[in-house]
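As they're listed, the protein sequences go chains A and B. For the record, in the first sequence the residue sitting at position 200 is 200 according to our numbering, with numbers rising by one throughout. For the record, in the second sequence the residue sitting at position 317 is 317 according to our numbering, with numbers rising by one throughout.
Some hints here could point you the wrong way.
Said to hold, decoys possible - Each pair of labels, with its calculated beta carbon distance range:
{"no.": "1", "chain 1": "A", "residue 1": "G161", "chain 2": "B", "residue 2": "N380", "range": "29 to 39 Å"}
{"no.": "2", "chain 1": "B", "residue 1": "D302", "chain 2": "A", "residue 2": "R318", "range": "51 to 61 Å"}
{"no.": "3", "chain 1": "A", "residue 1": "G229", "chain 2": "B", "residue 2": "E231", "range": "28 to 38 Å"}
{"no.": "4", "chain 1": "B", "residue 1": "G235", "chain 2": "A", "residue 2": "Y76", "range": "28 to 38 Å"}
{"no.": "5", "chain 1": "A", "residue 1": "A112", "chain 2": "B", "residue 2": "E279", "range": "37 to 47 Å"}
Unchecked claim - According to the in silico footprint, chain A covers these stretches of chain B (three or more CB under 8 Å from chain A):
{"no.": "6", "stretch": "30–44"}
{"no.": "7", "stretch": "65–72"}
{"no.": "8", "stretch": "88–101"}
{"no.": "9", "stretch": "171–178"}
{"no.": "10", "stretch": "213–225"}
Quick caveat, the hints were computed from the structure, so don't treat them as lab data. For clarity, every value in this text was computed on a predicted model and none was experimentally measured. Glycine included, every Cβ here is placed at the ideal spot set by N, Cα and C.
2 protein chains.
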Amino acid sequence: MNKLILLSDSEQQLRVARVTECMRAEGVEAVLLADNASKYYITGRVFSGYVYITADGYVACAVQRPVELDGPEVVYIHKPEELPGVLPALPARVGLELDTMSWSSVARMVKALGIEAPANASAIMRVARSIKTQAEIDLIAASGVRQERVYRRIPHLYTEGMTDIELQVEIERASRLEGCLGQFRISGDSMELFMGNIIAGDNADAPSPYDFAMGGAGMHPSLPVGANGSEIKPGNTVMVDVNGNYTGYMTDMTRVFSLGEIAPEAVKAHECSRRIHRELCAMGVPGCQAKDLYERAVAIADEEGLKDYFMGHRQHARFIGHGLGIEINELPVIAPRSRDIITPGQVIALEPKFVIPHVGAVGIENTYHVTADGWKCLTNSPEEIIALR
Amino acid sequence: MNKLILLSDSEQQLRVARVTECMRAEGVEAVLLADNASKYYITGRVFSGYVYITADGYVACAVQRPVELDGPEVVYIHKPEELPGVLPALPARVGLELDTMSWSSVARMVKALGIEAPANASAIMRVARSIKTQAEIDLIAASGVRQERVYRRIPHLYTEGMTDIELQVEIERASRLEGCLGQFRISGDSMELFMGNIIAGDNADAPSPYDFAMGGAGMHPSLPVGANGSEIKPGNTVMVDVNGNYTGYMTDMTRVFSLGEIAPEAVKAHECSRRIHRELCAMGVPGCQAKDLYERAVAIADEEGLKDYFMGHRQHARFIGHGLGIEINELPVIAPRSRDIITPGQVIALEPKFVIPHVGAVGIENTYHVTADGWKCLTNSPEEIIALR
Numbered sequence: 001m002n003k004l005i006l007l008s009d010s011e012q013q014l015r016v017a018r019v020t021e022c023m024r025a026e027g028v029e030a031v032l033l034a035d036n037a038s039k040y041y042i043t044g045r046v047f048s049g050y051v052y053i054t055a056d057g058y059v060a061c062a063v064q065r066p067v068e069l070d071g072p073e074v075v076y077i078h079k080p081e082e083l084p085g086v087l088p089a090l091p092a093r094v095g096l097e098l099d100t101m102s103w104s105s106v107a108r109m110v111k112a113l114g115i116e117a118p119a120n121a122s123a124i125m126r127v128a129r130s131i132k133t134q135a136e137i138d139l140i141a142a143s144g145v146r147q148e149r150v151y152r153r154i155p156h157l158y159t160e161g162m163t164d165i166e167l168q169v170e171i172e173r174a175s176r177l178e179g180c181l182g183q184f185r186i187s188g189d190s191m192e193l194f195m196g197n198i199i200a201g202d203n204a205d206a207p208s209p210y211d212f213a214m215g216g217a218g219m220h221p222s223l224p225v226g227a228n229g230s231e232i233k234p235g236n237t238v239m240v241d242v243n244g245n246y247t248g249y250m251t252d253m254t255r256v257f258s259l260g261e262i263a264p265e266a267v268k269a270h271e272c273s274r275r276i277h278r279e280l281c282a283m284g285v286p287g288c289q290a291k292d293l294y295e296r297a298v299a300i301a302d303e304e305g306l307k308d309y310f311m312g313h314r315q316h317a318r319f320i321g322h323g324l325g326i327e328i329n330e331l332p333v334i335a336p337r338s339r340d341i342i343t344p345g346q347v348i349a350l351e352p353k354f355v356i357p358h359v360g361a362v363g364i365e366n367t368y369h370v371t372a373d374g375w376k377c378l379t380n381s382p383e384e385i386i387a388l389r
Numbered sequence: 001m002n003k004l005i006l007l008s009d010s011e012q013q014l015r016v017a018r019v020t021e022c023m024r025a026e027g028v029e030a031v032l033l034a035d036n037a038s039k040y041y042i043t044g045r046v047f048s049g050y051v052y053i054t055a056d057g058y059v060a061c062a063v064q065r066p067v068e069l070d071g072p073e074v075v076y077i078h079k080p081e082e083l084p085g086v087l088p089a090l091p092a093r094v095g096l097e098l099d100t101m102s103w104s105s106v107a108r109m110v111k112a113l114g115i116e117a118p119a120n121a122s123a124i125m126r127v128a129r130s131i132k133t134q135a136e137i138d139l140i141a142a143s144g145v146r147q148e149r150v151y152r153r154i155p156h157l158y159t160e161g162m163t164d165i166e167l168q169v170e171i172e173r174a175s176r177l178e179g180c181l182g183q184f185r186i187s188g189d190s191m192e193l194f195m196g197n198i199i200a201g202d203n204a205d206a207p208s209p210y211d212f213a214m215g216g217a218g219m220h221p222s223l224p225v226g227a228n229g230s231e232i233k234p235g236n237t238v239m240v241d242v243n244g245n246y247t248g249y250m251t252d253m254t255r256v257f258s259l260g261e262i263a264p265e266a267v268k269a270h271e272c273s274r275r276i277h278r279e280l281c282a283m284g285v286p287g288c289q290a291k292d293l294y295e296r297a298v299a300i301a302d303e304e305g306l307k308d309y310f311m312g313h314r315q316h317a318r319f320i321g322h323g324l325g326i327e328i329n330e331l332p333v334i335a336p337r338s339r340d341i342i343t344p345g346q347v348i349a350l351e352p353k354f355v356i357p358h359v360g361a362v363g364i365e366n367t368y369h370v371t372a373d374g375w376k377c378l379t380n381s382p383e384e385i386i387a388l389r
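Here chain A stands alone, though its shape is the one from the complex (with noise of 0.2 Å):
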């Protein structure tokens, strides 16, 4: 038998308290979990099945698969339908999440259960995940860490004539045997993506479907985001925004490269994106509102006259950064009509880009720890951009 639990006990408690606190806030009695990223908030481990929480900080474990098993409050069963007769007796408001749950397994679940209208508990989870312990913050820390050696070795993975795909999959190479898992976790499912963005030149300018921060055409339209197949040339920039899942918790972390001579423009771009983080990070003391972010940066690239290449240019995306931890799509939310405040213990990755024309991508992306002493930077890589050869 193997444990269930693969957090302390104290790590667990402090966990779950965040979660009973916001569930009280929400007036939730008990919480049905089936995320997986909740499943491994709470228990260090994704597992088939369901994690049960009540306001009082009980926790029981309900395992379809694997086998084997074991632990306080850990039961097997086959099928929700079973829950009833292993669960405590529930209370009148249950919540499940009901933001990721399809339609017919919250319907199938509330039959089983015999509730009413079950709660929402999709936002309970975000908001306890939104604030890490220091054990979240120490893997998310050691992700950086990993990829920024991942990061450096990039100049020399390039070799003349590369196209945009032959440079992203050895940089795809370097991170595995780093110890990149691979997966990325986002929430919801419209959005998919492979291991990374990388675009080089004019491909940058290439709208996507998905919410992501940059585009690209992609290399087929079952998949239309990132590289397309062309070849990396002199006056180009290549924007790199790989995966940085080492721990099960990420970092997200954007460098420019360059071949040969880049445009001034693009170079002033570039610049512009670092005084946006380090405004940023100076005006985001805790308390900040996360929608004054986004409007400082817009200003700021405004007041440089590059307003129009901010987010992208042909089409642009409606925020500059995002809180992530086990997803890369979480809490705070950097946008224009935002209601986050900024608090110590969340972290935020700011991606403040500018596409220029005929050049490419340019500005960088850090992950950062809100402290009450200001913003901690996670991924320390060179900012500059860096030649390729």
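Since the structure of chain A is already known, use the hints to place chain B on it.
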């Protein structure tokens, strides 16, 4: 502007006819599709937005992103609430994809459309997509040809002392350079896998939380499936089951490699898998029940004294085959309680596999096109156990 619809008129008509036939059988007058797989099926492109189809064959696309798509019956919207203003008057029975849309998205859409109880379009799309057009078969076959090229190179990718994950990274690189898109489309969001499953030696016996045919402990408890970093040792098999998505359509192929001499029982089980393939291909004439194929496979394994090792050892999978195409888990399902009937135009991956303790996993997986004249194999690599060196 770019054409939204990338399929030829005649190809799109064939696919829409499949869908409307299934709609009429279910008494559904219109469907509004949001799933990326469905949108790709009907248009040949993934985009953010919706495809609307009526039972008499009218098709419209409401696009959110990317910008600059064009074509007949293409409209742009910002949010689902705008749909009633841009679509023709809705009939009484509208179907939504209730098995893949989240509860919250369905609730919002039902309100936006002003409809009462939505019908379930998921089953309609699953049935429609289970019978492929010739153009789809050609795309799957093209994936198979490229996947075969990668598999033939595997013995040359192995070097002495490699771990399973190191070999996997080289296979991933070879696949990507051959044009593999990487993305595994899996219906439903609780199954996760990166690129494929490479399992060596006793790691084959580690149970996983996912409903895949084989397990493996994985590199990390946040993604507990597949290679676990163990060295490939003499007497071990290495089962390779990697992503065959080269065209937006997938093939699924498994082959077994070995280091040094392996136990006779493992060779016997591998040959038993090949026998199951031969017998099931002959038995699976149109009209045959999928569950009878499953029972026959189990009977053959039993007859050869291998039942305890069939489809796992510590944990057993509950199916031996599955339809595939845009997604890896389509209809029919070859499982004990399946109600599916073998029908020309289906594409089926058969994967009768065995886990032999202290040796590893054996058995092959092939992707077949079901025709009136028999099953045609689309994954034609040599089927024997192949020596790594």
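**Prompt:** Which hints, by number, does the structure contradict?
**Reply:** none
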